[in-house]
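Below are the chains, spelled out letter by letter.
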Amino acid sequence: GAVVSQHPSWVICKSGTSVKIECRSLDFQATTMFWYRQFPKQSLMLMATSNEGSKATYEQGVEKDKFLINHASLTLSTLTVTSAHPEDSSFYICSATGITYEQYFGPGTRLTVT
Amino acid sequence: GEDVEQSLFLSVREGDSSVINCTYTDSSSTYLYWYKQEPGAGLQLLTYIFSNMDMKQDQRLTVLLNKKDKHLSLRIADTQTGDSAIYFCAESARGNNRLAFGKGNQVVVIP
Numbered sequence: 218g219a220v221v222s223q224h225p226s227w228v229i230c231k232s233g234t235s236v237k238i239e240c241r242s243l244d245f246q247a248t249t250m251f252w253y254r255q256f257p258k259q260s261l262m263l264m265a266t267s268n269e270g271s272k273a274t275y276e277q278g279v280e281k282d283k284f285l286i287n288h289a290s291l292t293l294s295t296l297t298v299t300s301a302h303p304e305d306s307s308f309y310i311c312s313a314t315g316i317t318y319e320q321y322f323g324p325g326t327r328l329t330v331t
Numbered sequence: 272g273e274d275v276e277q278s279l280f281l282s283v284r285e286g287d288s289s290v291i292n293c294t295y296t297d298s299s300s301t302y303l304y305w306y307k308q309e310p311g312a313g314l315q316l317l318t319y320i321f322s323n324m325d326m327k328q329d330q331r332l333t334v335l336l337n338k339k340d341k342h343l344s345l346r347i348a349d350t351q352t353g354d355s356a357i358y359f360c361a362e363s364a365r366g367n368n369r370l371a372f373g374k375g376n377q378v379v380v381i382p
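Chains as they are written, first to last, in the working numbering: chain A, 218 to 331; chain B, 272 to 382.
No wet-lab data here; the hints were simulated from the structure. Computed from a predicted structure; not experimentally measured. Some hints here could point you the wrong way.
[As the list claims (entries may be wrong)] Cross-link-like lysine-lysine pairs, in silico, BS3-like; alpha carbons within 25 angstroms at most:
#	chain 1	residue 1	chain 2	residue 2
1	A	258	B	307
2	A	283	A	231
3	A	258	B	327
4	A	231	A	272
5	B	374	B	327
6	B	307	B	374
[Said to hold, decoys possible] If we take Cβ atoms under 10 angstroms as the criterion, some of the chain A residues that face chain B in the derived model are:
#	residue
7	224
8	225
9	241
10	245
11	249
12	262
13	263
14	284
15	287
16	290
17	317
18	330
Ideal Cβ positions, reconstructed from N, Cα and C, are used throughout, including at glycine.
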């Protein structure tokens, strides 16, 4: 149990376009979902926390207009990188929590902006 | 604030024990975690320990917590090639499910 999926697993997009990444909890209801960003050989940096049905809370330094997060249902959160640039290339990982505080992580999405 | 430090690289021979260390600064940390990340994949929770515990053992994994020194370690007994990965420690505070991660420690197991 407690499986989190992400789609796509890998995406390449052109500079200036937008790309949407989905995070789904497959067998539990996720009241809270988290979005992380990970650069090569570095740790995970929390970008934002989203609770179902409410606006996401962004960490300091993360542009909310650039990284749009929607958590419209208890099993789905989306992260849209708008007007992507090469510096947005990274590994994006989501996690989800249900009735306990334990976070279950998705497999990650590698974004490459050309 | 939360600040978690880890050393970077460890190589170990198959069958030996490996020890990964982590220090943290937030004394309000309630839960401390060890995660494993294999190349190109997400994080897998290995084990966690409550801050009122000193030690926790789970099969080949032993977690030691020195709350006075804010030091956390993970010992992997009989290290296998499948243990090659990056290991992250993380902490969270009571009533707060936000995690603060260390920089990670890459473990390479030599056959």
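Against the structure, the hints come out as follows:
no., hint, result
1, 258/A x 307/B, "holds (14 angstroms)"
2, 283/A x 231/A, "holds (16 angstroms)"
3, 258/A x 327/B, "violated (28 angstroms)"
4, 231/A x 272/A, "violated (28 angstroms)"
5, 374/B x 327/B, "holds (23 angstroms)"
6, 307/B x 374/B, "holds (12 angstroms)"
7, 224, "violated (13 angstroms)"
8, 225, "violated (13 angstroms)"
9, 241, "violated (13 angstroms)"
10, 245, "violated (15 angstroms)"
11, 249, "holds (6 angstroms)"
12, 262, "holds (8 angstroms)"
13, 263, "holds (7 angstroms)"
14, 284, "violated (17 angstroms)"
15, 287, "violated (20 angstroms)"
16, 290, "violated (19 angstroms)"
17, 317, "holds (9 angstroms)"
18, 330, "violated (18 angstroms)"
Of the numbered hints stated above, those contradicted by the structure are hints 3, 4, 7, 8, 9, 10, 14, 15, 16, 18, listed in ascending order.
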